[in-house]
Amino acid sequence: MLLEMRGIEIEGQSEDTWFPIIKGMDLTLRRGEVLGLIGESGAGKSTMGLAAMGFARDGCRITAGSIVFDGMDLRAMPESQRRKLRGVRIAYVAQSAAASFNPAHRLIDQCIETAMFYGVASASEARQSTVDLFRRLHLPDPENIGERYPHQVSGGQLQRVMTAMAMACSPDLIVFDEPTTALDVTTQIEVLASIKEVVRELHKAAIYITHDLAVVAQMADRIMVLRYGEVVEEAPTRQMLSDPQEAYTKSLWAVRSLRKDEDTSGDKVLSIRNVTAAYGGGVRVLHDVTVEVPRGRTVAVVGESGSGKSTLARVITGLLPPISGTVEFDGQRLPPALAQRPKSLLRKVQMIYQMPDPALNPKRRIGDMLGRAVSYHLGLSGKARDKRISELLEMIELDDSYRERLPMELSGGQKQRVCIARALAVEPDLVICDEVTSALDQIVAEEILKLLLRLQRDLGVTYLYITHDIATVKAIADEIVVMHQGKVVESGPKSEVLSPPHPAYTELLLSSVPEMDPDWLDNVLAERARGGAGAAAVEGDR
Amino acid sequence: MSDQTEPFSAGPAEEIMLAARRSRGKFATAMYELGKAPLTAKFGLLMIVLYILLAVFAPWIAPYGEAEVVSPKVYAAWSDEFVFGTDQIGRDFFSRMIYGARNSVSIAFITTVLAFVLGAAVGVLSACVGGWIDQGLGRFVDTLMAIPGLIFTLVLLTIFGTDLITLILVIGIFDATRVYRLSRAVALNIVVMDFVEAARLQGERLPWIMGREVLPNILPPLAAEFGLRFCFVFLTIAALSFLGLGIQPPLADWGSMVRESSTLIGYGDITPLLPAAAIALLTVSVNFVVDWFLHKTSGLRDV
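Sequence lines, in order, name chains A and B. FYI, in my numbering the residues of the first sequence are 1 to 542. FYI, in my numbering the residues of the second sequence are 1 to 303.
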């Protein structure tokens with residue numbers, strides 16, 4: 001047994017009171033085993049991962065339990081000794097590699113720093129083993145890539161360099177804290193494959209923390225499901241996937257099964273014709289984009305970050321007037337700039353944002369926000385306004401007492417509901433949803449998607465749904481537009497786009513989305529190695 | 001998910017915290033925070049309240065009138081009759097100290113308010129509108145700030161005369177440049193938030209966006225800056241009064257009082273230090289309170 005944590009209790013501080021984050025948790029790990037920790041945000045995954053290093057964040061404290069690593073009790077030893085273990089025998093890979101590197105130093109110098117500091121190896125030895133790790137992690141040009149600075153490599157490469165850094169001292173245990181969450185799917189698959197291979201080949205033990213079930217299915221031998229600081233269920237991966245026991249686990253598994261029957265009828269409410277756009281007259285981010293949106297349906301715009309999907313939303317809303325091309329709404333040509341559009345037109349196109357937090361003014365009460373939209377555009381006041389606010393709250397399944405609350409007093413899912421209500425308050429024809437569920441936990445995200453679908457049925461509103469998540473697309477889209485580097489790669493009804501034959505990019509995108517099958521990653525890689533459609537594109541990790 | 005009672009509630013720990021925060025009223029929360037405030041902040045608040053009381057009730061507290069000549073003897077020594085002695089024309093020094101609280105503090109306060117109304121309004125406007133208006137205003141303010149402050153004020157006061165209104169306007173406008181800088185900078189962070197864009201997409205007009213969306217979110221740093229600015233304005237006016245261009249006689253003012261009695265220092269009399277000490281105490285107190293307030297609103301922890 002490499003790591004044995006028993007009866008761990010951790011408390012966090014808020015203002016003056018301590019409240020429990022981890023309520024008595026056990027965790028054991030054998031050498032060469034990968035343990036997956038999954039759960040929603042606030043479940044205590046990261047806290048537990050850090051506790052495995054005998055570490056608690058600022059404002060947190062470990063109050064009970066024992067942490068025995070390789071026969072040593074981490075809680076009993078002084079901090080100075082624990083520090084000697086960290087980085088050398090236990091390593092940590094953080095979510096955002098970009099924020100974890102010092103931009104002023106070369107990658108290789110940062111990778112060998114720990115080894116040098118603790119005198120584990122000489123500079124040339126450390127360099128040699130790091131280059132070896134770069135090679136194992138399939139980084140391009142492993143001999144020289146270390147000479148670059150962090151901004152000179154891509155996000156996926158940086159995450160792999162960080163893995164190499166963690167492994168530089170050949171630790172026995174590595175804690176991966178959501179290492180691929182910030183990456184695009186096509187990049188994520190590369191990082192996952194590299195990490196999996198290295199951990200397996202070098203026979204390391206790892207704790208892999210994520211909220212993505214499909215990812216954990218690929219990486220872990222054993223899965224622990226956490227909620228509210230307690231273990232819900234623990235089982236080997238295959239058993240956990242095929243036969244979850246607890247209701248909560250089952251509900252997590254069920255999230256991905258949401259489906260909608262496609263229907264592409266209806267007249268065109270929005271037509272984007274040959275739009276080309278650029279920021280500040282510089283690089284063009286949209287090239288000759290044409291999209292048609294049928295009334296009362298959902299068109300999903302799919303693509304990686306940088307594909308121009310959010311820019312498309314800015315063109316439609318008038319925040320970014322296009323260089324050429326037109327946007328027609330209800331058969332009428334929209335003035336290109338926001339300032340030229342009359343109030344009656346502004347009402348008809350609404351927007352819901354990815355992050356509910358910056359989208360809600362923290363100083364205004366929910367009732368005020370909804371009320372302002374209602375009275376400004378629909379001219380309601382007094383009782384009628386009050387009644388409409390109540391209706392809206394009911395529509396998003398929140399009770400009337402919420403109108404007095406500030407955004408701070410709501411959970412993430414509730415905030416997103418309020419954003420939806422604000423958009424629908426003015427009875428729009430078209431709602432642009434910009435990644436509205438990607439910042440939310442899976443169960444909450446599913447609730448939001450269900451709400452959006454129900455509101456579409458009830459109100460007949462049209463959605464332009466921007467996302468990078470194929471599972472979401474399958475759940476809500478009628479039509480799909482696939483975008484890549486500012487161009488439309490493919491568009492059409494959902495069934496058509498999702499079934500072969502695909503253009504090369506669609507193929508790559510679709511095959512990169514992790515599935516809930518523990519063999520998925522190996523199969524995909526094997527297929528790509530045989531020369532599948534996306535192989536060439538995968539080689540050139542941007 | 002029928003087995004879950006509340007499918008989209010916040011975690012239990014969060015809920016408890018939120019409930020606790022909601023259950024307390026605004027006043028109770030303020031009292032609670034005050035109770036936890038460090039000793040320096042409490043001391044500062046106490047002093048500020050004392051100054052305000054002195055200023056408001058000056059006619060009732062002061063033993064003699066503000067400009068009343070009470071003694072034929074100038075520069076009289078401290079005595080039971082005249083606690084801090086008399087000044088250069090035989091007015092009671094102690095009474096003038098108390099009236100000084102009224103004049104100096106209120107004039108400094110009005111000037112600071114003017115600087116803030118002007119500076120914050122133009123600053124937020126600059127941040128919201130952007131473009132060449134922002135550039136133009138920015139360069140204009142740069143130009144004003146490039147001129148040494150005291151000298152510039154002295155020149156303007158010599159040109160336009162030294163009446164109270166001019167004094168307030170000159171210092172207010174000059175200080176507004178600094179408030180402009182700050183409010184523009186903090187407003188820029190708010191303007192890029194999605195809720196401001198959402199308000200624009202809803203077709204909200206500029207005054208609404210400035211006043212309702214941006215301003216409430218930049219109030220904490222502005223309030224903290226208000227305290228500091230007030231100190232600087234106070235010191236500037238005191239300095240101008242000392243040079244004879246600030247608050248004019250017969251109004252009692254601490255700055256002028258230092259000047260008028262300054263010769264006494266040469267004879268080992270500490271009387272001129274009293275108004276100076278009054279200024280120092282107020283500035284220090286305000287700084288204590290501002291420090292605490294900044295700590296609270298910026299979410300810094302005492303580690």
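Keep in mind that the hints are not guaranteed to be accurate.
To be verified - No more than 20 Å apart at the CA atoms, straight line, and that leaves these computed lysine to any residue pairs for SDA-like:
| # | chain 1 | residue 1 | chain 2 | residue 2 |
| --- | --- | --- | --- | --- |
| 1 | A | K474 | A | D261 |
| 2 | B | K296 | A | D261 |
| 3 | A | K363 | B | A280 |
| 4 | A | K348 | A | L459 |
Think of the hints as simulated: they come from the structure by calculation, not from any bench.
> When the hints from earlier in the document are held up against this structure, which numbers fail?
Replying inline: Per hint list: 2 and 3 violated.
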